[in-house]
Amino acid sequence: MSNTTPDTKKKQQMQTQADLPWSVIVLDDPVNLQVYVTMVFKKVFGYSQMKAEKLMMEVHLQGRSVVWTGVREKAEFYVQQLHSLQLQTTIEKTG
Amino acid sequence: MKILPTLDGGLCILPESEIDWQELELICSDEDRPTHLAASLADLMDEDSEWSEYVVPDLEENFRAQAQVVADTIEKARISDDSAIFIPPAEAERWYGAINQVRLSLHARFDIEELGESSDINDASPELKSAYYRNRFYLLLQSMLLEYILDEDKS
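Protein chains in written order, with the working numbering: chain A, 1 to 95; chain B, 1 to 155.
Quick caveat, the hints were computed from the structure, so don't treat them as lab data. A portion of the hints provided could be inaccurate.
[What the hints assert, rightly or not] Dumping the calculated EDC-like pairs for lysine to aspartate or glutamate here, alpha-carbon to alpha-carbon at most 20 Å:
hint : chain 1 : residue 1 : chain 2 : residue 2
1    : A       : K42       : B       : E147
2    : A       : K54       : B       : D151
3    : A       : K51       : B       : D151
4    : A       : K42       : B       : D151
5    : A       : K74       : B       : E47
6    : A       : K54       : B       : E152
7    : A       : K51       : B       : E152
8    : A       : K74       : B       : E50
9    : A       : K93       : B       : E50
10   : A       : K74       : B       : D46
11   : A       : K43       : B       : E91
12   : A       : K74       : B       : D48
13   : A       : K43       : B       : D151
14   : A       : K43       : B       : E152
15   : A       : K42       : B       : D46
16   : A       : K93       : B       : D48
17   : A       : K43       : B       : E147
18   : A       : K43       : B       : E93
19   : A       : K74       : B       : D58
20   : A       : K93       : B       : E47
21   : A       : K93       : B       : D43
[What the hints assert, rightly or not] One-sided and incomplete, this derived list gives chain A residues near chain B with beta-carbon spacing under 8 Å:
hint : residue
22   : P30
23   : V31
24   : L33
25   : V35
26   : Y36
27   : M39
28   : E76
29   : Q80
30   : H83
31   : S84
32   : Q86
33   : T89
[Stated by the list, open to error] From the structure, some residues in chain B lie toward chain A, with a derived Cβ separation under 7 Å:
hint : residue
34   : N62
35   : H107
36   : E113
37   : L115
38   : D151
Virtual Cβ for every residue (Gly too), placed ideally from N, Cα, C.
One chain only, chain A, in its complex shape:
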């Protein structure tokens, strides 16, 4: 038997939603050069050349790539950096 009230349940559900990880998603565009996108991933996230190139190719071939996952605040921080470098980027809740 649970001693949780409906209100507490709702709060817990909302908290769980907020705690879900967020994905930073880079979208393909017709302008940004492959070398530039790879360079940006290395610079912003500190990824290796190999990882940055793999993600860049995902953007190029699949139209989008999840380049980072974590808490919303940090995801937004990364999106801001990627926007300032003119990459089409958004965030999505994972799961």
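Starting from the known structure of chain A, fit chain B onto it as the hints suggest.
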């Protein structure tokens, strides 16, 4: 027009005709471009992020500063005796960004990609043809900025 790497690790652009100068000046000709780009990036975010309120003003300022550096450098070179435009390494990122803005704008306004795949560019309208060649020139300049300055693995 000639584009050459310099000893200090930058690039030097040597315009050779009035058309060359015009192509360069068109990089920063549209004052509204930074606003449009910042707004279009904000459209990718949900309302909860309050992007338009907190982030867009900074983005806009950043994009405007990129265009301003390019405009000032070109204007200074126009009135100088040697007419050479120098892009020092410290300003390469801003030049790259300003050129990216104009390429994004050209792609938004003209169907450049489709024209690039078509074999008959001569059939295109004068406006489209001009956009196509301008985009190619800007692409070349960006590639040189990457190769000689920005991409540390290559330079």
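### Message
For each hint given before, does the structure comply? Return the numbers of the non-compliant ones in rising order.
### Response
Per hint list: 15, 37 violated.
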